[in-house]
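Enquirer: Chains B and D, in that order, are what the protein sequence lines are.
Going by our numbering, the first sequence opens with residue 1, and the numbers climb by one from there.
Going by our numbering, the second sequence opens with residue 1, and the numbers climb by one from there.
Derived by calculation from the structure, the hints in this document are not laboratory data.
Computed from a predicted structure; not experimentally measured.
Here a beta-carbon is modelled for each residue, glycine too, at the ideal position from N, C-alpha and C.
Watch out, some of these pointers could steer you wrong.
[Claimed, not checked] From chain B, some residues computed to sit far from chain D (all C-beta separations above 10 Å):
| # | residue |
| --- | --- |
| 1 | R11 |
| 2 | D26 |
| 3 | T128 |
| 4 | L652 |
[As the list claims (entries may be wrong)] Below 25 Å or equal to it, Euclidean Cα-Cα: the simulated SDA-like pairs (lysine to any residue) are:
| # | chain 1 | residue 1 | chain 2 | residue 2 |
| --- | --- | --- | --- | --- |
| 5 | B | K650 | D | M63 |
| 6 | B | K10 | D | M63 |
| 7 | D | K78 | D | M63 |
| 8 | B | K10 | D | D122 |
| 9 | D | K78 | B | K650 |
[To be verified] Here chain B is said to cover these stretches of chain D; the calculated rule only asks that three of the stretch's residues, wherever they fall, bring their Cβ under 8 Å from a Cβ of chain B:
| # | stretch |
| --- | --- |
| 10 | 71-77 |
| 11 | 87-94 |
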Amino acid sequence: MPNLIGSSPKRREDGRLITGNATYTDDVQLPGMLYAMILRSPVAHARITALDVSAARALPGVVAVYIGADIEGRVNPVPCAWNVPNCDLRLPSHPMLAVDTVRYQGDGVALVVAESRGIARDALALITVQYAELPSVIDPEQATAPDAPQLHADIPSNIAFTWTVAGGDADAAFASAPVAVDLRIVHQRMQPSAIEPRAAVASWNPGSEELTLWVTSQNPHIHRFLCAGMLKLPEHRVRVIAPEVGGAFGSKIAAYADEALASFASMDLCRPVKWTEDRSENYLATTHGRDHVSHVELCGTADGTITGLRARVFAGLGAYASTAAPGIPTILHGLMYSGPYMIPNITGVIRGVYTTATPVDAYRGAGRPEATFMLERLIDLFARKLGMDPVAVRRRNLIPSHAFPYTVATGLVYDSGNYQGALDKALSMFDYEAFRIEQTLARAQGRYIGVGVTTYNEICGLGPSSIAGATGFGGGLYESAIVRVYPTGVVRVYIGAKPHGQGEETTFAQVVAQEFGLPIEHVEIVHGDTEKTPQGWGTYGSRTTAVSGSAVKLAALRVKAKAKTLAAHLLGVSEDDLDWDGGGFATHADATQRKGFAELALMANLAWNMPAGLEPGLEATASFDPPNFVYPFGTHICTVEVDVETGEVKILRYLAVDDCGPLINPMIVEGQVHGGVIQGIGEALQEMAIYNEHGQLLTTTMMDYAVPRAAQMPRIETAHTVTPTNVNPLGVKGIGEAGTIASVPSVVSAVCDALSPFGIQHIHKPLTPARVWAAIQLATAGAA
Amino acid sequence: MALPLTLDVNGSERHVRIEGRELLVHVLRDALGLTGTHVGCDTSQCGACTVLIDGQAVKSCAMLAVQATGRQITTIEKLSDGGLHPVQQAFRDKHGLQCGFCTPGMILTTIDLLSQCPDPTDEEIRDGIQGNLCRCTGYQNIVDAIHLAADTMRASASPAA
Numbered sequence: 001m002p003n004l005i006g007s008s009p010k011r012r013e014d015g016r017l018i019t020g021n022a023t024y025t026d027d028v029q030l031p032g033m034l035y036a037m038i039l040r041s042p043v044a045h046a047r048i049t050a051l052d053v054s055a056a057r058a059l060p061g062v063v064a065v066y067i068g069a070d071i072e073g074r075v076n077p078v079p080c081a082w083n084v085p086n087c088d089l090r091l092p093s094h095p096m097l098a099v100d101t102v103r104y105q106g107d108g109v110a111l112v113v114a115e116s117r118g119i120a121r122d123a124l125a126l127i128t129v130q131y132a133e134l135p136s137v138i139d140p141e142q143a144t145a146p147d148a149p150q151l152h153a154d155i156p157s158n159i160a161f162t163w164t165v166a167g168g169d170a171d172a173a174f175a176s177a178p179v180a181v182d183l184r185i186v187h188q189r190m191q192p193s194a195i196e197p198r199a200a201v202a203s204w205n206p207g208s209e210e211l212t213l214w215v216t217s218q219n220p221h222i223h224r225f226l227c228a229g230m231l232k233l234p235e236h237r238v239r240v241i242a243p244e245v246g247g248a249f250g251s252k253i254a255a256y257a258d259e260a261l262a263s264f265a266s267m268d269l270c271r272p273v274k275w276t277e278d279r280s281e282n283y284l285a286t287t288h289g290r291d292h293v294s295h296v297e298l299c300g301t302a303d304g305t306i307t308g309l310r311a312r313v314f315a316g317l318g319a320y321a322s323t324a325a326p327g328i329p330t331i332l333h334g335l336m337y338s339g340p341y342m343i344p345n346i347t348g349v350i351r352g353v354y355t356t357a358t359p360v361d362a363y364r365g366a367g368r369p370e371a372t373f374m375l376e377r378l379i380d381l382f383a384r385k386l387g388m389d390p391v392a393v394r395r396r397n398l399i400p401s402h403a404f405p406y407t408v409a410t411g412l413v414y415d416s417g418n419y420q421g422a423l424d425k426a427l428s429m430f431d432y433e434a435f436r437i438e439q440t441l442a443r444a445q446g447r448y449i450g451v452g453v454t455t456y457n458e459i460c461g462l463g464p465s466s467i468a469g470a471t472g473f474g475g476g477l478y479e480s481a482i483v484r485v486y487p488t489g490v491v492r493v494y495i496g497a498k499p500h501g502q503g504e505e506t507t508f509a510q511v512v513a514q515e516f517g518l519p520i521e522h523v524e525i526v527h528g529d530t531e532k533t534p535q536g537w538g539t540y541g542s543r544t545t546a547v548s549g550s551a552v553k554l555a556a557l558r559v560k561a562k563a564k565t566l567a568a569h570l571l572g573v574s575e576d577d578l579d580w581d582g583g584g585f586a587t588h589a590d591a592t593q594r595k596g597f598a599e600l601a602l603m604a605n606l607a608w609n610m611p612a613g614l615e616p617g618l619e620a621t622a623s624f625d626p627p628n629f630v631y632p633f634g635t636h637i638c639t640v641e642v643d644v645e646t647g648e649v650k651i652l653r654y655l656a657v658d659d660c661g662p663l664i665n666p667m668i669v670e671g672q673v674h675g676g677v678i679q680g681i682g683e684a685l686q687e688m689a690i691y692n693e694h695g696q697l698l699t700t701t702m703m704d705y706a707v708p709r710a711a712q713m714p715r716i717e718t719a720h721t722v723t724p725t726n727v728n729p730l731g732v733k734g735i736g737e738a739g740t741i742a743s744v745p746s747v748v749s750a751v752c753d754a755l756s757p758f759g760i761q762h763i764h765k766p767l768t769p770a771r772v773w774a775a776i777q778l779a780t781a782g783a784a
Numbered sequence: 001m002a003l004p005l006t007l008d009v010n011g012s013e014r015h016v017r018i019e020g021r022e023l024l025v026h027v028l029r030d031a032l033g034l035t036g037t038h039v040g041c042d043t044s045q046c047g048a049c050t051v052l053i054d055g056q057a058v059k060s061c062a063m064l065a066v067q068a069t070g071r072q073i074t075t076i077e078k079l080s081d082g083g084l085h086p087v088q089q090a091f092r093d094k095h096g097l098q099c100g101f102c103t104p105g106m107i108l109t110t111i112d113l114l115s116q117c118p119d120p121t122d123e124e125i126r127d128g129i130q131g132n133l134c135r136c137t138g139y140q141n142i143v144d145a146i147h148l149a150a151d152t153m154r155a156s157a158s159p160a161a
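Let the hints inform the model, and build the full structure from the sequences given.
Expert: Structure representation (structure tokens):
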């Protein structure tokens, strides 16, 4: 049997997806189902002075209308589940429906439940609300100013937390360093834009007093845990089913009021209730990403050695702290300030800030793109100030491959790495020296081309549960799997994680089929239903293969060990006399004295002849709690040409060399890199949530928010180096977010390199033609 | 106010009672249970709701159901009658999908594109699928899948084959 690990069988999940037979949440139809819609505040910040729902209630076909006062006390507030310690975290109560004050455009004001979608929408239009508008503030730094509007009465200066990271003595390093550079970086708000909007179908069974909730979720077990709390239900009476999920990118981690409201209505009315957001609602009420304003500095010596880093960050949280929000700019960001470099002295002060905007939560990369972007841009500035090549500066400071495990100044222990190896591979594939010559020639002809090189690492494979606990994360970070072998030798594997496009139905089947010597078609992976699957914490943080895949592997090994015990019994030999021959157990002495896997599956399930003490059946459960995070890494190189007349940026070439350890399915890994890189290019060049001065979101449709389209995007060249981790039994790291983390600085650095003849050091992303053109004009005017 | 309406969907005459304001996509999904056609936006930007109407790719969220009377409507569910369509097969072979939400619309747009342009360049493909958003794949494998589908369909259409 050929080795399945490292091969690229076609995806198991595709059959239903390409034929229209998949079931996404909004596809679920139940008899007697009602439709819910939420009236959302059209203003950013206001007191509700009058709210009249009587006309809506009177509309034929409307079954119920609820306002905040109707449900207050009957449900619990929306929780924040990452209570980062030692930072004076202040969490305001977050009601499911605003009671007297709305704090962002999109804040829920009323819930309508009706017999049809159309009637529900008509009813929304019949609700009258008077808003006494209050001032708004969107910029997280401005929100901390003394005269800024105050969102929550008991949270002065809108500061949710002040979290610090410190290692070495950064102030001393800066005081003695001959060279220092600084930069103000704006990580614009991003709208995750999964093509499937969020949806929920709630069905309360008044007889069994059980709630079944279909919901667009990356983590159904977390949704069960948090929804049970919001609804005051015992957790074992809540079944969460995340069926097919149409993309998420972090935006379907959080527990939202919306699915809890649909559930509340179903419980109150004893009928199934469906709620599905439309796209404008998605852009207003589904969490956003990024939103940091960062003041950062880097210092070093004249030979290009980095000696210190300081960062002062204002991280916008929006109006309330969403489920994972406090952990993102702290644990997943501040702890990564050393990146792949040796930086002995680091200080970061990160303030989480409430603003009158949509809550911010995880968005592909979640904190790590902001850290990598900061480092990569600062290193380019540092190199330029020294007159050194930016690649040479990186090479000088990369942690050497012999130094792992390596403890950085922020306290993290990096598992394994060969950063120079990935850099060397990228440079040789790209031919960096040739590009620099071409660039000189191009400039002589008035063409502005540039190159951006990013050497990155990231923290993922979240993570040890003990660290989850120590950092205030309201859950574990292990994963569990059940491997169940049926009498006919076919296998089902039940996992607690929740793939939603990443292809683990295929990669995990490869792992199990390889272990048992089965055709991949004989292994099915089941996920998404809390009633079927063992406890798990979900798919985010590039953790599913590293953590859930490892649980699958361990469970498969347990099954195999039991099969071996049975084989020895049936053959009348000692287990020590048996070897796995790829499809069964055979004796050393005589390879024909064997028991194949299918026969063992049958005999274990029939239990006609079990050895003493061995239970019938062939099934095992395993949980895997990793002893450390994993730290994938790589080098990305991007070249661009800038039209200095229009400010338009054209990507000439994009090369990604990534190291995520051994590749189980290279086709799927490359797909993750492609998607991640393009998402980062969107962030670098065109995507941005835009609010006006009244706190109104202007980018509320896909016409206004610039999700990358096919004709705007380049091809991506991919390559890999392979450095296994010893943190998990598969040796694998994550790859879902790496592309986004590495691509944003690669593109921005390439543009700034192209425009270096103008003296341009940095341009705020997204680098739209208007911004690039304006930067060129400013630089030219300054020079004149 | 329920209107009786007859639609020609996937080769069958279907009788439904709908509100006059209902969009074709909602009638396909809710009244006819054809949930392979998806809704991703409200402004005909994303293309997840694309169906074929008289062979042409149309965003079914941008059309009232009553406007579709007398037209032949084809949804993703019809395509695999008698085995996968070469475009479906190519999307699978080239890993041209991840979460799959945009995929039905992307496949139907591709069928229209290849009917007009049987041997497209990269640029023609990327231009041809401009109206369909994919957030997962970065489009690269979709472009490769469309090339493969075009090759397969040309080979089976050519008399020599």
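Enquirer: Would R11 (chain B) pass as off the interface with chain D, using Cβ distances and a cut of 10 Å?
Expert: Violated: least Cβ distance 7 Å, not greater than 10 Å.
Enquirer: Does M63 (chain D) lie within 25 Å of K650 (chain B) when you go C-alpha to C-alpha?
Expert: Not satisfied, since the Cα-Cα distance of roughly 36 Å exceeds 25 Å.
Enquirer: Please work out if K10 (chain B) and D122 (chain D) have their alpha carbons no farther apart than 25 Å.
Expert: holds (23 Å)
Enquirer: Confirm or reject the statement that T128 (chain B) sits farther than 10 Å, beta carbon to beta carbon, from all of chain D.
Expert: With a cut-off of 10 Å, T128 (chain B) remains clear of chain D, as the shortest Cβ separation is near 23 Å.
Enquirer: Are there three or more residues in the stretch 71-77 of chain D whose C-beta lies within less than 8 Å of some C-beta in chain B?
Expert: Since three or more residues must qualify, the claim that chain B covers the stretch 71-77 of chain D holds, with 3 doing so at under 8 Å.
Enquirer: Within 25 Å, alpha carbon to alpha carbon, are K78 (chain D) and M63 (chain D)?
Expert: Given pair K78 (chain D), M63 (chain D) holds - Cα atoms ~20 Å apart, limit 25 Å.
Enquirer: So is L652 (chain B) really clear of chain D, every C-beta pair being over 10 Å apart?
Expert: holds (15 Å)
Enquirer: Is the hinted pair K10 (chain B) and M63 (chain D) satisfied, with a Cα-Cα distance of at most 25 Å?
Expert: Not satisfied, since the Cα-Cα distance of roughly 36 Å exceeds 25 Å.
Enquirer: Using C-beta distances, would you say chain B covers the stretch 87-94 of chain D, given that this needs three or more residues below 8 Å?
Expert: Holds: 4 residues of the stretch 87-94 of chain D have a Cβ under 8 Å from chain B.
Enquirer: Is the hinted pair K78 (chain D) and K650 (chain B) satisfied, with a Cα-Cα distance of at most 25 Å?
Expert: violated (40 Å)
Enquirer: Is the nearest CB of chain D more than 10 Å from the CB of D26 (chain B)?
Expert: violated (7 Å)
In summary, the structure is inconsistent with hints 1, 2, 5, 6 and 9 from the numbered list given earlier, while agreeing with the others.
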